[in-house]
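Taken in order, these protein sequences are the chains called A and B. If you read the first sequence in the numbering used here, its first letter stands for residue 1, the second for the next number, and so on. If you read the second sequence in the numbering used here, its first letter stands for residue 258, the second for the next number, and so on.
There could be a bad hint or two in this list.
Okay, derived cross-link-like pairs now, DMTMM-like style, lysine to aspartate or glutamate, Cα gap no bigger than 20 Å in a straight line [as the list claims (entries may be wrong)]:
id, chain 1, residue 1, chain 2, residue 2
1, A, K2, A, D148
2, A, K2, A, E108
3, A, K2, A, D146
4, A, K186, A, D78
5, B, K545, A, D101
6, A, K192, A, D67
7, B, K545, A, D237
8, A, K2, A, E150
9, B, K545, A, E240
I should point out that these hints are in silico values taken from the structure, not numbers from a laboratory.
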Amino acid sequence: MKICVLVKQVPDHEAVIRVGEDGSLEVEDRYVTNFFDEIAVEQAILLRESQGGTVTAVSAGGGRNVDALRRALAMGADAAVMVDDPALADADGLGLARALDACLGTLEPDLVLAGRVGLDDEMGLVGPAVAELLGWAHLAGVVGLDLDGETFTAIRLVEGARETVAGRLPALLTCSKGLAEPRVPKVMQVMKASRARIDTRDLASLGVDPAAVAPLIRVAGHTPPPGRAAVRMIEGDLPEQVQALASILLVSAGGTS
Amino acid sequence: MMSAALVLVEHASGVPRRACLETLCKARDLGLSPVALVCGADPAAAAVACAPFADRVLAAASDDLERYNADAHLALAARAVAELSPVLVAGPSTITGRDLVARLSARLGGPYAAEIIDLALGADGRPLAVRAVHGGKALARIAFEGSGPCFVTVRSNAFPMSEPRAPGPIESLEAGIDPSSLRMRVTNVEETGGGRVGVTEADIVVAGGRGLGDPGNFALLERLADRLGAAVGASRAVVDAGWRDASDQVGKSGNTVAPGLYVAFGVSGSAHHVMGMDGSGVVVVINKDPNALFFQYADHGLAADALEILPALIEALGE
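The following block holds chain A by itself, in its conformation from the complex (with noise of 0.2 Å):
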């Protein structure tokens, strides 16, 4: 069994983002790897451990995203690649999908992870994306996977209900959350990480013209979220209280439909 896991590096949730005069985003250097995408590399590594075979963790557009195979590294990942290029600095979902397509055609895993969404721009399109390009089947929203050599049984969670659904591999999974408890890797493993040789690759050694990954969408600019006025407390005793949140409620319910 051949894994490949996609990873990415995103702003931790609780570092500082300003939206500067010309509408520019400045963002706090405070990077943690995405989210759900330890999740992908934990459940990579739990069905190695289970059933054998190798996992290795992919990522695209180089920069910070480095630290994230690192830490794929560092938590059991057998090996990195990196796909570099100077044309891979503005791509959008859809550019890096196809420089991570041709870069998965070389590597011809036998399943796919990634996150259900990066949160940072948090368009969720790259895996869903690869999984068109490579034609292969794709599933998100995992909470639950199984594998009996060539098939799985998956557990998704969508709005309302948990289904389960049956399929073949390969197959592209993207993961959510509650499939697998990331492991913390020890400080050895981090270190060893560290020194780690990355696969890197171009455009060009992938047959990718640069071309081919021009974005289609443009951030036209940022504006700050709406502000709230001052917060209004209720006060009295409680009969006082409950009766100010009740109409509160009533009253704004009556205005939501």
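Dock chain B against the given chain A, drawing on the hints supplied.
Then chain B, alone, in the frame of chain A:
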């Protein structure tokens, strides 16, 4: 001829996701011709529900379309796009809606933006969208390159509903699914949420956190929810503790919600949680700690023990 906006309608028990109806309304407001594609084992009820908001409804019926099956739904959506050449292709920002539209955009090589909260047309007639990034810490304005269809998924409660009009015609679309093309099958379905509307769909969300003290006390929240017609949400802490299902979780690693009214009982208001609900309309926070962070993000605050307030509140509201 007016440019078409194709909405890929997701529905549950014959009821379309509200984001789908809202997007049909928004498309008409923008001067586009709204067309709904409704797939299902029996799409009739959902098609009828869409018709007052659409110029046309395409309905495809097949047992293979009963639950979301990417191969089947993608094939039909791609056919509808080829037929209509729409300027916009939209779906709801649900787990399966995001899969379908993202994958369709990759298949057709078009630009995609997820979970948009606003939409306009530029002077050139191309869509412009607004969406939240970094857990709602900023809003990004998105422009779409090229000349083909633009692909989006839409957050619930982003657009107001318009008055229904004379229903657009419902045309049946031959499903024409080759069963051998389906690489996955749904073999079991377990409904979650006790028949209540889900947190992302609801007009009103009542959420509970650690301050409820015990998982059994969520029964009080459920009674309040039933009284208000609300969904029940949960903080990450109580989901991680196993009190509530992950599908109820509001927050950055859970669901992003934007109901008209959000009421939180015993939730501290971590950055993680606020990121999942800051787009809500009226926010009411009940927490016994008068210094709880969450009060900073609320319109109305009540510094009191949720467990004292809830029974009295349910009684005050009546059944």
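(request) Sort out which numbered hints this structure fails and list those numbers smallest first. (result) 5
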